[in-house]
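Listed in order, the protein sequences are those of chains A and B.
Residue numbers for the first sequence, in the UniProt record's numbering: 1 to 502.
Residue numbers for the second sequence, in the UniProt record's numbering: 1 to 502.
Please note that a few of the clues may not be correct.
Here are the computed lysine to any residue pairs in the SDA-like style, where the Cα-Cα straight-line distance is at most 25 Å [unchecked claim]:
hint, chain 1, residue 1, chain 2, residue 2
1, B, K171, A, S130
2, A, K372, B, P410
3, B, K126, B, I310
4, A, K261, A, L105
5, B, K171, A, L105
6, B, K153, A, D168
7, A, K208, B, D323
8, A, K166, B, Q361
9, A, K171, B, Q361
10, A, K189, B, D384
11, B, K287, B, L260
12, A, K372, B, D161
13, B, K451, B, P410
14, A, K189, B, Q220
15, A, K171, B, G127
16, B, K338, A, G267
17, B, K103, A, Y196
18, B, K428, B, I310
19, A, K189, B, K428
20, A, K126, B, K171
21, A, K414, A, L370
22, B, K259, B, I109
23, A, K285, A, L260
24, B, K126, A, L260
25, B, K171, A, L160
26, B, K171, A, K428
27, B, K189, B, T165
28, A, K205, B, D161
29, A, K428, A, L288
Keep in mind that the hints were calculated from the coordinates and are not lab data.
All values derive from a computational prediction rather than experimental measurement.
Number of protein chains: 2
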Amino acid sequence: MLKAAPAHAFNLGEKVEGKHIIILGAGLAGMTAAYELNKLGYTCTILEARERTGGRCWSIRNGSLNTENDKPTATAVFDEGLYFNAGPSRIPHHHQLTLHYCKELGVPIQVYNNVNEGAYYFAEGKGPLSNKKIRVREVHNDIRGYTTEMLSKAMDHGNLDSGLTKEDAEKVLNYLAAEGGLNIDKLYKASARRGYIESPGAGDKPGKIGDPHKLADIIQSGLLDPDFYNVAEYTYELQMTMFQAVGGMDQIAKAFEKKLKPFIRLGAEVTKITNTPNGATIIYKDKLGEHSISGDMCICTLPLPVLSNINNNFSGDVSRAIDYVEYMKTGKIGLQFKRRFWEEDDQIYGGITHTNNDLTQIFYPSYDYLSKKGILIGYYNFNDKAKRTGELSYAEREKLALEKGRLVHPQYDKEFEKSFSVTWHKTKYSMGGWGEYNSETRKTYYPALLKPDGHIYFAGEHLTYLNAWMAGAFESARSVVTALHGRVTEQRIKYPAAGVKG
Amino acid sequence: MLKAAPAHAFNLGEKVEGKHIIILGAGLAGMTAAYELNKLGYTCTILEARERTGGRCWSIRNGSLNTENDKPTATAVFDEGLYFNAGPSRIPHHHQLTLHYCKELGVPIQVYNNVNEGAYYFAEGKGPLSNKKIRVREVHNDIRGYTTEMLSKAMDHGNLDSGLTKEDAEKVLNYLAAEGGLNIDKLYKASARRGYIESPGAGDKPGKIGDPHKLADIIQSGLLDPDFYNVAEYTYELQMTMFQAVGGMDQIAKAFEKKLKPFIRLGAEVTKITNTPNGATIIYKDKLGEHSISGDMCICTLPLPVLSNINNNFSGDVSRAIDYVEYMKTGKIGLQFKRRFWEEDDQIYGGITHTNNDLTQIFYPSYDYLSKKGILIGYYNFNDKAKRTGELSYAEREKLALEKGRLVHPQYDKEFEKSFSVTWHKTKYSMGGWGEYNSETRKTYYPALLKPDGHIYFAGEHLTYLNAWMAGAFESARSVVTALHGRVTEQRIKYPAAGVKG
Chain A
1 MLKAAPAHAF
11 NLGEKVEGKH
21 IIILGAGLAG
31 MTAAYELNKL
41 GYTCTILEAR
51 ERTGGRCWSI
61 RNGSLNTEND
71 KPTATAVFDE
81 GLYFNAGPSR
91 IPHHHQLTLH
101 YCKELGVPIQ
111 VYNNVNEGAY
121 YFAEGKGPLS
131 NKKIRVREVH
141 NDIRGYTTEM
151 LSKAMDHGNL
161 DSGLTKEDAE
171 KVLNYLAAEG
181 GLNIDKLYKA
191 SARRGYIESP
201 GAGDKPGKIG
211 DPHKLADIIQ
221 SGLLDPDFYN
231 VAEYTYELQM
241 TMFQAVGGMD
251 QIAKAFEKKL
261 KPFIRLGAEV
271 TKITNTPNGA
281 TIIYKDKLGE
291 HSISGDMCIC
301 TLPLPVLSNI
311 NNNFSGDVSR
321 AIDYVEYMKT
331 GKIGLQFKRR
341 FWEEDDQIYG
351 GITHTNNDLT
361 QIFYPSYDYL
371 SKKGILIGYY
381 NFNDKAKRTG
391 ELSYAEREKL
401 ALEKGRLVHP
411 QYDKEFEKSF
421 SVTWHKTKYS
431 MGGWGEYNSE
441 TRKTYYPALL
451 KPDGHIYFAG
461 EHLTYLNAWM
471 AGAFESARSV
481 VTALHGRVTE
491 QRIKYPAAGV
501 KG
Chain B
1 MLKAAPAHAF
11 NLGEKVEGKH
21 IIILGAGLAG
31 MTAAYELNKL
41 GYTCTILEAR
51 ERTGGRCWSI
61 RNGSLNTEND
71 KPTATAVFDE
81 GLYFNAGPSR
91 IPHHHQLTLH
101 YCKELGVPIQ
111 VYNNVNEGAY
121 YFAEGKGPLS
131 NKKIRVREVH
141 NDIRGYTTEM
151 LSKAMDHGNL
161 DSGLTKEDAE
171 KVLNYLAAEG
181 GLNIDKLYKA
191 SARRGYIESP
201 GAGDKPGKIG
211 DPHKLADIIQ
221 SGLLDPDFYN
231 VAEYTYELQM
241 TMFQAVGGMD
251 QIAKAFEKKL
261 KPFIRLGAEV
271 TKITNTPNGA
281 TIIYKDKLGE
291 HSISGDMCIC
301 TLPLPVLSNI
311 NNNFSGDVSR
321 AIDYVEYMKT
331 GKIGLQFKRR
341 FWEEDDQIYG
351 GITHTNNDLT
361 QIFYPSYDYL
371 SKKGILIGYY
381 NFNDKAKRTG
391 ELSYAEREKL
401 ALEKGRLVHP
411 QYDKEFEKSF
421 SVTWHKTKYS
431 MGGWGEYNSE
441 TRKTYYPALL
451 KPDGHIYFAG
461 EHLTYLNAWM
471 AGAFESARSV
481 VTALHGRVTE
491 QRIKYPAAGV
501 KG
């Protein structure tokens with residue numbers, strides 16, 4: 001059995017008084033740090049450059065504003081009640097801290113339906129299955145059928161040293177037949193698992209099963225390539241059960257904000273971070289001008305590409321790490337439609353359609369099933385594909401999403417209403433999706449950011465092995481609060497008169 | 001692409017007046033028939049033996065009553081707001097009529113989380129993995145790893161005639177490596193997909209992956225046997241997306257009831273069904289005594305084992321079919337717990353734990369995640385296992401569920417509060433789970449029930465290829481309404497003065 005320690009409320013015991021911590025960024029990491037530090041008796045000030053909290057934990061709804069570095073600010077115009085999550089949209093069931101804070105802060109959750117055998121694979125312009133909508137279940141079950149048939153034959157012919165006893169090998173053969181849906185001759189000839197061409201029904205309607213796709217066709221259309229296969233369901237983080245916050249993932253950020261309102265300064269853009277002998281001094285500007293604020297310690301949660309452009313007196317190791325750690329290029333577009341044709345016409349309820357073109361993925365909403373309107377995520381792409389779409393204007397991105405999307409769903413033409421796109425690596429105050437390490441950057445640069453630089457601690461998903469996940473922000477915040485509190489309480493024991501009260 | 005016609009509102013056009021249809025049974029089939037016949041202008045009377053509607057579409061909540069044929073009536077004593085679905089608990093996304101009626105009647109739906117990689121396989125007293133909680137993901141990914149490794153080797157060694165070109169075979173090899181999570185040498189050495197023994201986290205916690213289970217251990221503990229493998233996710237009907245009605249599946253029945261209240265006679269037990277020259281006459285008894293009611297036609301939705309014990313003048317073919325079609329033996333027990341330990345301690349949110357003992361399955365609730373209390377379905381079993389548990393007293397069933405269940409969840413001891421069990425093949429007015437055909441009964445007996453016997457039509461899931469599913473009731477009801485209405489309107493054309501008005 002694999003164990004996982006239950007998530008408990010954070011309790012570091014001993015409280016302190018009279019300590020002021022400046023937190024840079026009112027994203028999940030910054031707000032969690034402030035929330036837990038408050039409980040321990042600290043006074044916190046959170047500086048947030050945006051006019052909203054949440055950082056990348058951001059749901060786009062009517063009135064949402066996005067500023068990308070080469071474009072004017074865009075305003076979302078969606079119908080009331082409709083939203084899409086521009087940032088994190090999924091909570092794995094084993095991300096205990098994320099679920100812990102949902103519970104502690106009273107944020108209701110619902111299943112995010114990440115696995116949907118009824119969604120499509122769509123290979124644009126490739127192979128014999130080019131431009132056809134292939135249900136995920138067709139490919140999954142055809143491939144299982146063909147590969148189990150092959151292995152079954154190899155075992156039957158003794159062409160295989162499985163290292164198993166004859167009796168065990170027999171059980172594997174039975175399993176293969178079950179796994180693949182093989183017939184009595186251990187051949188794959190399609191099964192109901194891949195769906196029907198005529199549904200079973202009442203009376204004399206037993207249903208009719210179609211022919212499987214040919215293995216060579218599946219291969220030549222690229223449906224075994226990483227574009228399609230295995231991209232979702234198998235990854236530990238993407239295995240069902242998955243959740244989302246009811247009403248938008250930003251409800252988690254809003255729940256923290258509610259607890260922390262007096263401590264958050266919005267529209268406060270940090271311009272300089274200075275370690276001083278007794279603490280840290282931050283210069284920031286807001287509508288009223290430039291300000292300086294000092295604290296005993298500082299927790300900096302700014303994404304590294306943002307931090308990289310802020311004056312500081314960090315050590316060389318820290319500066320290098322800030323400059324060299326890469327961030328993911330990624331973007332999403334939300335498309336509002338008059339009618340949930342993906343449900344009504346295609347019987348697709350949640351889940352993901354995968355494509356080999358620049359869309360990469362179409363996400364169907366996991367909320368308000370059977371209702372009238374809805375927002376699809378028309379693309380969710382990464383790396384080069386995200387770079388290409390990111391360089392387009394808002395109008396061109398919409399055009400791309402509609403042109404490619406209508407190949408899968410011709411209903412786009414009639415039902416489309418409005419779009420809103422976010423390119424994270426161009427979005428002001430984020431400048432990237434998430435910290436994306438390779439073995440080299442993890443080894444060489446990452447460790448420098450795990451220790452405080454003088455009085456400045458660093459926190460965020462980029463300082464974890466849970467990159468891209470909200471859980472990273474939570475875990476990192478707790479880790480830094482633990483370290484900071486340990487240092488403060490140790491100082492108090494060593495230097496009881498040194499201004500630490502309580 | 002596999003097509004599925006969209007579900008439309010039922011519109012048979014032409015209305016009739018002055019026709020009275022008697023419907024036997026206020027389950028989903030009976031109420032759907034009445035609902036649609038009402039729209040067409042018919043007058044309906046629904047006779048229902050129970051004091052409630054819904055039949056097997058039944059959620060057990062505080063105050064629910066169950067009468068089994070060898071036991072006193074039991075009353076459920078659960079906390080307010082908690083329930084479990086004794087009958088159907090899942091709606092496949094492709095059961096369009098079920099979703100259609102949810103939409104038309106305003107019954108909100110939520111995801112039924114049927115697939116959960118975090119639930120357990122538990123092999124009691126069998127093999128090296130005996131009595132261990134094995135996460136589904138461990139078995140799934142270990143088996144994928146071992147079998148893809150085997151096939152990969154066979155292909156590499158040319159021990160296999162796959163009929164593929166060299167280039168295509170290379171793609172299959174790459175796919176196998178991805179599918180199985182093989183390492184660079186195409187060997188399976190465990191991967192993060194099977195979970196961690198130490199979760200990845202902040203700072204210096206990359207997470208730690210455990211060793212895979214040995215293939216021989218998996219086999220010898222029976223984890224490749226049908227008890228465990230493939231029982232859920234692959235079946236067409238059990239593929240995600242799946243749904244349930246919010247607040248209990250009985251909300252669907254209650255929504256029909258609301259529309260049909262004036263036409264339903266509860267507590268009306270049918271004792272005799274007679275075809276007459278001009279219609280049908282039904283004798284039924286209620287608290288006040290015996291009554292006779294006549295109609296132009298009758299739709300009988302009573303389960304066949306119930307119908308088998310009611311006096312009738314059916315034809316020989318129909319009588320034989322009623323007697324010979326088998327019904328599934330099946331039962332469930334709901335267990336109320338003080339605390340959702342399966343979520344808090346085990347991170348299991350919805351889904352199913354499979355066992356090789358008489359429990360067969362433990363269902364975790366797909367509603368009220370993160371809340372305080374909850375009801376588990378402590379067993380959901382079939383055939384011989386259901387026969388054995390069905391023969392126990394209510395107290396003995398509870399004892400069995402607790403004794404076997406605590407092997408998986410020792411928290412049962414401390415957290416258990418109350419139970420309620422239903423054995424369908426012993427439950428009065430149902431006497432079985434659902435129609436269970438083999439090729440012989442489907443061929444020999446089934447067809448006789450698809451035609452009307454005189455003025456009596458038969459409807460229900462047992463008259464479809466959607467046995468056990470609510471969709472069967474809906475499809476069958478529409479099918480019979482179509483046939484009945486066709487006959488009535490045809491008669492009207494042929495015999496315009498024969499009492500058919502409008």
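Structure versus earlier hints - violations, ascending order: Failing hints, ascending: 2, 3, 5, 7, 8, 10, 12, 13, 14, 16, 19, 24, 26, 27, 28.
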